[in-house]
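Peer 1: Quick note, the sequences are listed as chains A and B, same order. What the first sequence shows, in our numbering, is residues 80 to 190, in sequence order. What the second sequence shows, in our numbering, is residues 74 to 187, in sequence order.
To be clear, the hints were calculated from the coordinates, so they are not data collected in a lab. Source: prediction; values computed, not measured. Among these hints, one or two may not hold up.
No more than 25 Å apart at the CA atoms, straight line, and that leaves these computed lysine to any residue pairs for SDA-like [as the list claims (entries may be wrong)]:
1) A:144 to B:172
2) A:101 to B:113
3) A:136 to B:152
4) A:88 to B:114
5) A:101 to B:118
6) B:86 to B:152
7) A:185 to B:112
8) B:130 to B:92
9) A:185 to B:92
10) B:130 to A:125
11) A:88 to B:180
12) B:130 to A:171
13) A:136 to B:172
14) A:88 to B:160
15) A:144 to B:170
16) A:185 to B:160
17) A:185 to B:185
18) A:136 to B:75
19) B:130 to A:119
20) A:101 to B:86
21) A:136 to B:177
22) A:185 to B:115
23) A:185 to B:82
24) A:101 to B:117
25) B:130 to A:108
26) A:88 to B:118
27) A:185 to B:157
28) B:130 to B:113
29) B:130 to B:150
30) B:130 to A:103
31) A:88 to B:132
32) A:101 to B:111
Derived, one-sided and incomplete: chain B residues facing chain A with beta-carbon distance under 10 Å [unchecked claim]:
33) 76
34) 110
35) 115
36) 117
37) 120
38) 131
39) 163
40) 167
Just so you know, even glycine gets a beta-carbon here, dropped at the ideal spot from N, CA and C.
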Amino acid sequence: AQRVTQPEKLLSVFKGAPVELKCNYSYSGSPELFWYVQYSRQRLQLLLRHISRESIKGFTADLNKGETSFHLKKPFAQEEDSAMYYCALHGRTGGYQKVTFGTGTKLQVIP
Amino acid sequence: KAGVTQTPRYLIKTRGQQVTLSCSPISGHRSVSWYQQTPGQGLQFLFEYFSETQRNKGNFPGRFSGRQFSNSRSEMNVSTLELGDSALYLCASSRNRDAAGELFFGEGSRLTVL
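For reference, chain B alone in the conformation it holds in the complex (with noise of 0.2 Å):
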């Protein structure tokens, strides 16, 4: 079965601007979940979505926001963009809440904020 699906791959974006990342996860997992991964930071959990929710969210600012769709399609918000925003955002799926240890990574989505 296909796996999870980011879309754009790559993106470039100056300050101030906004961006929205959209996933797809496995078909028939409904948990998704999002991080950013940097090289100094390693991977910082953003939020985790079930069944159209926000379950839990991390530690980031508020321009950084989700939703979930009754599909578990996913997308992640980024308003008023700056320089340290640029990182590899990764989305996960996961079957249930039980097995939400076990995730299924995207490829990613580079953004690039210059």
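Next comes chain A alone, as it looks inside the complex (with noise of 0.2 Å):
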């Protein structure tokens, strides 16, 4: 089975400090990891991936397979940053695959 935890429903940050979106996962396997963000009235796009290790919009996660955690940072955080976070994860199992999505954390930085 494989899961994803976002433990924070909504996290609030003033402009200018640095942002930690905490994400746990459960899977057997080699994970593929994903961040999605969907700000408001728009469509629930993807934001990052860990395989590339790039960093998006001032964003990077780092896959910790010890800790099994693929926290999302970011040293400044921006207005235009409030937006929903998705964390997910690709598995395969068996010949099956899917993506599982944390019930998501509310980024809302206050100006």
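Now that you have both chains on their own, put them together as the hints suggest.
Peer 2: And the structure:
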């Protein structure tokens, strides 16, 4: 079974403060992890994937297999970062595959 | 290129009725997945289709079904609607099964069951 946990439903930070959105996963194989973002009145979209080790809009995320975590970080929050963030795991089990999402964290950046 | 298109965007049904939702993936994308999104449960995986075959199914009752056509367009059907089926139904496409984690989402079909 694969599971994704995002412990915080809401995270409020001040503009310019660091941001860390937590994500922990449970999966027996080698996971592919992603962060998706949904801005107000927009469709859900891919933010970044662990395999490419990229930085998008100042956000980074490192896969820590020992702690089974994939936390999303940004050193200085901007007001436009306010959105709903979902951590997702793509897993393959016995020829079947699916993407499992966490319940999401709403990031609120206070001006 | 055009994004994932879902129709209808909004619909209202009554208990016991059935509903069909449609999804047109991005051109060239062959994998289509469906999710149910609710405030309490987040995104719950319904099923995935690739090459007209259902490749995986989530933990939903048999009232939820779907299919995919040869042009990769997909439909999902919910029969004997219940109040708890009220949700936003999201369709997502990906290029192929190797890139199945990189999903491109539609805007969703918001179903209200009265």
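Peer 1: When the hints from earlier in the document are held up against this structure, which numbers fail?
Peer 2: 3, 9, 19, 20
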